[in-house]
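**Student:** Quick note: to get my numbering, add 30 to the position in the sequence shown (first position is 1).
If you are wondering where the hints come from, they were derived from the structure by calculation, not from laboratory data. Zero decoy hints are in this set.
Distance condition first, Cα-Cα at most 20 Å in a straight line; then the derived SDA-like pairs of lysine to any residue: (1) Lys128 to Pro207; (2) Lys142 to Tyr113; (3) Lys275 to Gly204.
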Amino acid sequence: MLLEACARGNVQHFIYTSTIEVAGPNCKGDPIFNGDEDTPYESTSQFPYAQSKRLAEESVLKADGQMLKDGGVLVTCALRSMYIFGEGCPFLQGHLDKCLLNKNVYLRFSRKEALVNPVYVGNIAWAHVQVAKALQVPQKARHIRGQFYYISDDTPHMSYADLNYELTKELGFGIEPWLPMPLTMLYYFSLLLEMVSFVLRPFVRYIPSTNRHLVTLLNTPFTFSYRKAQRDFGYVPRYTWEEAKRYTSQWIASIVPQRREYLKSKKA
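Please build the complete structure, drawing on both the sequences and the hints.
**Tutor:** As structure tokens, this is what we get:
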């Protein structure tokens, strides 16, 4: 519908916010280290979120060159963001709550060696600004149109669990050293929970605390470079890792007291 609205309203540029999950990781957990847009990869994820984002991205890129009502041409591209962290992140807040309930120790849900490269919210927003400006210049737009780009920044490569710890260790929080059970066992435990959910579906809505897709996603090394975005539309992260860490840590520190009170009220 948005693409149709662009055609009818003579909107010339459409930038789609995609996700790394369009690429993977796949169900086999095949890793990628410092990949790029040309890295071959068998993506077989059946997870609804990844599928819906993939279909949307394909529609956007296919719409490039579509005629507008006034005779102009629609120009499209997609930005595949890494996992986004920063102020207001609901995932960080959710993990913080579990940490507070676990005596200020983060649960380890990903192996330390499962390296990923999260991106700060300010930098993914800045990438949209930079590509929007570049699309206004015909010489640059011809290289960008119909393309997708991985957007990361200079956040050190680390696991998802270690990102939570890195952002809060100066606040006195810790992290468990190991997964709650061996990875293979965790995978089959998640399968068991999925089966229970399926059996109970006619009677009650049971949402498992984990699933096989999540276990694979959180425990597969999956890192990508932003070189192509830098080359084609001059993307350079606006915020350094030190700045991103400071801003995010300050936000987390500001919500700790209210989260403690909220969790206490739920127990009462």
